[in-house]
Amino acid sequence: KREIPHFYLEATCDPSALLATRRELNDGPDAPSLSVNDFCVAAAARALRDVPEANVAWRGDAIEHFESVDVAVAVALPDGLITPVVRGADALGLVDLSARLRALVARAREGKLEPREYQGGLNLSNLGMYGITAVWPIVNPPHACILGIGAVEDVPVVRDGAVVPGRRMTATLAADHRAVDGAVGARLLAAFRRYVEQPLDMML
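Sequential numbering of the sequence shown, starting at 1, is according to our numbering.
Because the hints were derived from the structure by calculation, they are not lab data.
No residue lacks a Cβ here, since even glycine has one placed at the ideal position from N, Cα and C.
Any given hint could be a false lead.
[To be verified] Quick list of the computed label-pair ranges, beta carbon to beta carbon: (1) Glu153 <-> Pro52: 30 to 38 Å; (2) Ala62 <-> Glu110: 29 to 37 Å; (3) Leu204 <-> Val158: 27 to 35 Å; (4) Asp61 <-> Tyr8: 34 to 42 Å; (5) Glu3 <-> Asp27: 26 to 34 Å; (6) Gly161 <-> Met129: 29 to 37 Å; (7) Ala17 <-> Val158: 12 to 20 Å; (8) Ala190 <-> Ala91: 19 to 27 Å; (9) Arg159 <-> Ala190: 37 to 45 Å; (10) Gln119 <-> Gly161: 44 to 52 Å; (11) Asn140 <-> Arg102: 32 to 40 Å.
Start from the sequences and build out the full structure, keeping to the hints where you can.
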């Protein structure tokens with residue numbers, strides 16, 4: 001943080017539709033085993049495609065713009081974190097994306113990734129499986145943005161003036177202000193939330 005001027009943005013997402021879609025797609029003996037993280041990576045990729053100004057990296061004294069929409073996913077190893085990258089993630093369907101992620105994670109844990117496989121792209125760190133409700137991540141150069149995803153929580157919500165059971169998931173964007181300003185970051189996070197709350201848009 002001493003070298004990168006961070007700023008943070010936070011959004012509360014309603015993952016109810018995402019969870020229902022996941023449950024429906026995973027139903028059946030031959031159905032895929034899609035995770036919440038698969039949906040989050042897909043949502044992040046499509047958000048990055050919609051906001052190309054955020055698809056950048058800071059290179060010393062200049063901004064590098066990427067044409068390919070790549071999403072790096074933080075993977076915990078015994079000796080630290082590594083961030084394997086799904087290339088062209090916005091063009092992958094959920095099943096293909098899930099398979100690509102599993103293969104990358106397996107290779108990362110076996111120490112078989114090449115340097116080009118963990119460089120570039122938007123970074124995503126999901127700690128929801130540990131019950132962490134909010135993540136305030138640190139930007140890892142050369143990434144310009146990292147998206148932290150918290151656990152899905154059961155919460156009371158107000159609908160039509162009545163308190164009813166609901167779901168909540170917190171997403172926090174950390175960005176390098178030299179490459180991404182607050183308005184661009186806000187558009188990226190808003191697009192991510194829209195895809196989480198309207199997951200069928202990811203299938204069009």
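Status of the hints after comparison with the structure:
1. In this structure the supplied range 30 to 38 Å holds for glutamate 153 paired with proline 52, their Cβ-Cβ distance being about 32 Å.
2. At about 36 Å, the CB distance of alanine 62 to glutamate 110 agrees with the hint of 29 to 37 Å.
3. A hinted range of 27 to 35 Å for the beta carbons of leucine 204 and valine 158 is consistent with their spacing of about 31 Å.
4. Distance hint check for aspartate 61 and tyrosine 8: the Cβ-Cβ separation is about 24 Å, which falls outside the suggested range of 34 to 42 Å.
5. Checked against the given bound of 26 to 34 Å, the beta carbons of glutamate 3 and aspartate 27, roughly 48 Å apart, lie outside it.
6. Separated by about 35 Å at the C-beta atoms, glycine 161 and methionine 129 satisfy the suggested range of 29 to 37 Å.
7. Between alanine 17 and valine 158, the C-beta spacing of about 18 Å keeps the proposed range 12 to 20 Å intact.
8. Against the hinted window of 19 to 27 Å, the Cβ-Cβ separation of alanine 190 and alanine 91 comes to about 22 Å, which satisfies the hint.
9. For arginine 159 paired with alanine 190, a C-beta distance near 21 Å fails the hint of 37 to 45 Å.
10. Hint check: glutamine 119 to glycine 161, Cβ distance near 50 Å, so the stated range 44 to 52 Å holds.
11. Judged by the Cβ atoms, the range 32 to 40 Å given for asparagine 140 and arginine 102 is violated: they are separated by roughly 22 Å.
Checked against the numbered hints listed earlier, the structure breaks hints 4, 5, 9, 11; every other hint is satisfied.
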